[in-house]
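S.K.: Sequence:
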Amino acid sequence: MCGGQGATGPCRSLGPDDRPGRDPPPSGHPGAAYRFAVLQPRWARWQQRAYHTAYADLAQRCEQRDPELLRHISTADTARDLDLLRRAVGEERLRYWGISYGTLLGATYANLFPDRVGRLVVDGNVDPQAWVHRGAGGEPELNTFLRLGSHLGSADTLGQFLDHCGRAPVARCAFSAGSPAQTRAKYDTLLARLAQRPIRGWTYARAVSEVRGGLYTVHPGWTGTAATLESLWRGRAPEEPPAHSGPARYPGFEQSLAVMCAESPNPASPGPGC
47 MCGGQGATGP CRSLGPDDRP GRDPPPSGHP GAAYRFAVLQ PRWARWQQRA
97 YHTAYADLAQ RCEQRDPELL RHISTADTAR DLDLLRRAVG EERLRYWGIS
147 YGTLLGATYA NLFPDRVGRL VVDGNVDPQA WVHRGAGGEP ELNTFLRLGS
197 HLGSADTLGQ FLDHCGRAPV ARCAFSAGSP AQTRAKYDTL LARLAQRPIR
247 GWTYARAVSE VRGGLYTVHP GWTGTAATLE SLWRGRAPEE PPAHSGPARY
297 PGFEQSLAVM CAESPNPASP GPGC
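Using this note's numbering, the first residue of the sequence shown is number 47, and each one after it goes up by one.
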């Protein structure tokens with residue numbers, strides 16, 4: 047089982063280096079993580095509104111199409127489905143490897159069915175207390191991903207990617223600018239460009255989302271991420287992957303976001319500073 051959450055919504059908090067009058071922090075710095083995940087620039091607000099509108103429309107259509115299913119979108123019911131799969135293949139005990147959200151699912155399964163757990167490995171654990179906002183009532187100030195520290199992990203990994211890429215020749219990392227510092231600056235410049243002028247559907251938001259997804263696996267993810275960034279740098283839209291003929295192996299973020307929205311408290315609307 048592999049569960050990765052892929053989107054970060056807005057909130058009202060500021061990073062330590064996002065005060066007026068200060069230069070923006072470099073890529074990979076925790077302050078840059080807040081800028082990346084929290085402080086949506088003015089020129090990106092229309093993208094944010096379009097994102098919210100699209101997912102609100104999707105939720106309404108899901109409710110109209112299968113309201114009964116929506117009542118069972120939860121980590122606990124997913125764990126029960128996992129147990130049905132275990133039984134269907136004739137296994138007495140579940141052998142399980144979970145990463146990211148999959149760690150929360152694995153822990154839930156172990157608590158629901160402790161006598162049916164075999165080998166269970168969880169890596170990159172989601173904090174259950176942060177997931178449920180420690181059971182506090184009322185609207186939280188921070189969204190799920192900020193409570194989990196996802197922005198900090200993303201910023202740290204992005205910084206490592208840009209540094210390693212910058213130390214490598216272009217033959218080994220297409221986006222290299224000759225040094226870590228120059229490669230970080232190149233990345234920041236590219237995002238600023240995309241915010242002002244998207245390239246055939248490649249907006250600032252899409253580029254950030256694709257980069258974050260590509261950082262999950264070093265090989266071959268980082269190679270592909272570097273090629274995508276270099277293509278955008280040259281003003282060309284990256285080639286879209288060929289359409290999959292059968293069911294997608296990892297269809298998208300909608301499933302995990304549905305579970306998160308059902309059981310993990312989030313702000314009802316963006317803060318005024320976003």
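Hints listed in this document are in silico derivations from the structure and should not be mistaken for laboratory results.
Be aware that a few hints might be false.
Here are the simulated distance ranges between beta carbons [claimed, not checked]:
#1 Val178 <-> Gln301: 17 to 23 angstroms
#2 Ala134 <-> Asp103: 21 to 27 angstroms
#3 Gly270 <-> Arg165: 29 to 35 angstroms
#4 Gln301 <-> Asp202: 24 to 30 angstroms
Ideal Cβ positions, reconstructed from N, Cα and C, are used throughout, including at glycine.
S.K.: The hint says 29 to 35 angstroms between Gly270 and Arg165; measuring C-beta to C-beta, is that right?
M.R.: holds (31 angstroms)
S.K.: Could you check the hint for me, namely that Val178 and Gln301 are 17 to 23 angstroms apart, CB to CB?
M.R.: holds (19 angstroms)
S.K.: For the range 21 to 27 angstroms, tell me whether the beta carbons of Ala134 and Asp103 fit it or not.
M.R.: Check failed, 35 angstroms falls outside 21 to 27 angstroms.
S.K.: With 24 to 30 angstroms as the target window, see if Gln301 and Asp202 comply at their CB atoms.
M.R.: holds (27 angstroms)
In summary, the structure is inconsistent with hint 2 from the numbered list given earlier, while agreeing with all the others.
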